[in-house]
Amino acid sequence: MRPLKIIVLAKQVPDTRNVGSDAMKPDGTVNRGKLPVIFNPDDLHALELALNIKDRNPETQVTILTMGPKRAADIIREGYYRGADYGIMISDKRFGGADTLATSYTLVKAIQKLSPFDLILGGRQAIDGDTAQVGPQCAEKLNIPQVTYVEEVVSFTDTEIIAKRRLDKGVETVSSPFPCLMTVHETSPVCRSRHAKQVMKYKYARTNTELKSRSTDELILSLHEARPYLGIPEWGVEDIDAEMEKIGLSGSPTKVKSVESIVLTSEESKVLSDSDADIEMMIKELIENHTIG
Amino acid sequence: MKSVFVYCEVEDQKVADISQELLSAGKRLAQKLGCPMEAMVFGTDLKDISNQIAHYGVDKIHVADDERLEPFRTLPHASIATKILKKEDPQIILLGATAIGRDLAPRLASVLNCGLTADCTILDIGDHFVKKEKKEYKDLLYAIRPAFGGSIMANIINWDMHPQMATVREGVMKKEIFDENYKAEVINVPVDEIVKDEDFIVKIIERHIEESDVNLKEAPIIVAGGYGVGSKKNFKYLEQLSDLLGGEVGGSRAAVDAGFIDHNRQIGQTGVTVRPKLYIAAGISGAVQHTAGMQDASLIISINNDPDAPMNKLADYVIEGDVSDVIPKMIKYYKKNAK
Chain S
30 MRPLKIIVLA
40 KQVPDTRNVG
50 SDAMKPDGTV
60 NRGKLPVIFN
70 PDDLHALELA
80 LNIKDRNPET
90 QVTILTMGPK
100 RAADIIREGY
110 YRGADYGIMI
120 SDKRFGGADT
130 LATSYTLVKA
140 IQKLSPFDLI
150 LGGRQAIDGD
160 TAQVGPQCAE
170 KLNIPQVTYV
180 EEVVSFTDTE
190 IIAKRRLDKG
200 VETVSSPFPC
210 LMTVHETSPV
220 CRSRHAKQVM
230 KYKYARTNTE
240 LKSRSTDELI
250 LSLHEARPYL
260 GIPEWGVEDI
270 DAEMEKIGLS
280 GSPTKVKSVE
290 SIVLTSEESK
300 VLSDSDADIE
310 MMIKELIENH
320 TIG
Chain F
28 MKSVFVYCEV
38 EDQKVADISQ
48 ELLSAGKRLA
58 QKLGCPMEAM
68 VFGTDLKDIS
78 NQIAHYGVDK
88 IHVADDERLE
98 PFRTLPHASI
108 ATKILKKEDP
118 QIILLGATAI
128 GRDLAPRLAS
138 VLNCGLTADC
148 TILDIGDHFV
158 KKEKKEYKDL
168 LYAIRPAFGG
178 SIMANIINWD
188 MHPQMATVRE
198 GVMKKEIFDE
208 NYKAEVINVP
218 VDEIVKDEDF
228 IVKIIERHIE
238 ESDVNLKEAP
248 IIVAGGYGVG
258 SKKNFKYLEQ
268 LSDLLGGEVG
278 GSRAAVDAGF
288 IDHNRQIGQT
298 GVTVRPKLYI
308 AAGISGAVQH
318 TAGMQDASLI
328 ISINNDPDAP
338 MNKLADYVIE
348 GDVSDVIPKM
358 IKYYKKNAK
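Sequence lines, in order, name chains S and F. For reference, each letter of the first sequence is one residue, going 30 to 322 in the numbering used here. For reference, each letter of the second sequence is one residue, going 28 to 366 in the numbering used here.
To be clear, the hints were calculated from the coordinates, so they are not data collected in a lab. Yeah, the Cβ is synthetic: ideal placement off N, Cα and C, and Gly gets one too. All the given hints hold, so there is nothing to weed out.
Computed from the model, here is a short list of chain S residues facing chain F with C-beta under 10 Å: (1) T160; (2) P165; (3) E169; (4) Q175; (5) D197; (6) E201; (7) S204; (8) K284; (9) K299; (10) I312.
One chain only, chain S, in its complex shape (with noise of 0.2 Å):
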C-alpha cells in the first residue's frame, strides 16, 4: 500500500470545562489568563485516528497543523511527544480575531502549501466554541468531500477510505475517495500517550520565535544547530500567501455585539430537610396542585 499523507488540524483553547469563578471579570467579559490552556480534547482523538492509520500503514506521514498565538507551539511538541512526523504553526499577529471562516480561509491557505495530501483530520469541535464548523469550512474551500462526526476507520485502501459516523440516533458507515476530509467525534478511541522517546527527541523543539523570546540557554541553541529538525516552521501572512481582507478581524463576518455572564434567577425556594414529615408534606403539595399524580 502507498504511503498516505495526512494534516491534523490542532487547536489550543482554553480549558472551559473547568471554569472557575474568578474566570469571569467584573465586567461580564472572560478572564482568558485565568483559565489554563489545553490541547482542543476532539482534536487529540483527531490525532489518535491518524496515529492509527500509521499504525497500519507505517510509512504514513502524519502533519499536525496549528493556528495560534507563540504558546500554541506546546501543540506542535504534544504531537511530536505523541508520534506525529512532522508540526507547521501558522502564527501571526494579523491571523488575531478571526471567526471561523477566517480561519478556514487561513487553515486551507497552509493547507494548499502542504499539498498534496490525502487526508485532513480534525476533530468535530473546539470546546472554546463547540461551533463544529471551520472542518466543514475547510472541506468546502479545498473543493474535496467532508465525513464529519467520525468514530472509527474501518479500512483504507490507495484511493478510498470507509468510516463509521456517529450521528444523533445511530451509526452509518461511508466510504469517501481522497482526498477527503473527516471531523473525529469523541467517542472515536482516546490518544495513546506520549512516547518517551520522542519526548526525548523533540523535547527541545521550538518555533524561531520561541527561541529569540525565551532566555533560551546556550545549550538549546546548540541543540538546534546540529538538529535542524528541532526547528517548528512558523508560518506569517506572507508565508501562506493570505489576502490581508480574508483574514482576522476584517475576514470575520461575525461580531460579538454583547456577552452577559449568566446569573441564576434566585427566586423564592422553599427550603426542606430530609425528614419524613418534610418530604411527605412536598409530595402532598405536589399532587394537590397536579404536578404529580
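Guided by the hints, dock chain F onto chain S, whose structure is given.
Positioned in the frame of chain S, the structure of chain F alone reads:
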C-alpha cells in the same frame, strides 16, 4: 424584501421536530421584519410534504424530490441548497443544530462567504451602530448563544457579509402553527439539472438508526442525577421514582462521564435541552453547562447535601440531604398519598 429562509430536515416523509421549531421561530423573525418566509426540503417521495410546512406561515416552499437525496449526504444537499440560496438571496438562513444542520450549514456559509453562528438559543431582530463607520445598521439578526462552556451568553451579529446564518438548538424554540389555512407557493426543484455525479462520490454503505426509547424532550417529568448520586447503583432509586411518576431519567455530564448513566440521557448544553413540568435534580450541583439545558422547567426540586449548590437557586423546593435517603422517602410518600 429579502426573505427569512429555513432548511427543513425530513425523514420518511415527516418534517423533523427541529425544523417545525425553526419554522415557528423564523416566522416570528419574518413578522418583525415584515418579510416573506421561505423553506427548502430535500428528500424522497415528498408529494404532500408542503402540507406539513405551509401552516407555519411559509410563503414559498422549494421541494427537491429525488431518491438519491435520502438519507442525507452533504454534497448533493449542499449543491442544491447553494443553487436555491444564490437565486433567492435571503437575508436570514436558519438550520437546526443537529448532526445534519451542523454538517451542512458551515459548508453553505463557506460557499456563500457569510457569517454563521452555531447553536443559538435566542433569535431576535435589532439594530447596531458601528462606531468606525459612524453608521447605524437596522434590523439585524441577533443570534444569541451560550459561549465558553455556558458561562456567558453572547449576542453575535453580522452587519456586512450577508446573508446572516444561524443554527438553532433542538427543543429551544416553541412550535407554533401560524395559520392552518396558510397557502404556500410550492416550487419543484429540478434536481437533475443541479446535481452532478461528483456530488455522489461519498457512498453510504450501511446505516443503523436506533429507534431510541429515550424521549427526554417530550417527558413531562424528569428525574435527573448528577455526580452527587454517588454510584450507578444509586441511580436505581431515580429510575424507580421516575417509573412511578411516569417520567424519564436523565443525567448531568458529570454523571455520564462517571458512567452512572448512558450518554443519550445527558441533559445540558452538550446533550438534550428539556422543559418538563417537573424537574427533579438529584445530586446535581448546577453548573451552567447543565442548567442551560433545563432552566425552563416549570417546577424544579433540588436534592443536595450542599446547601450552597447553585442548583438550589433555581429550585422551587430545596431538600438538604442524601439522594439515597430522600428519593426512597419520596417514593414511599407518593405511594401513600397518590389516588
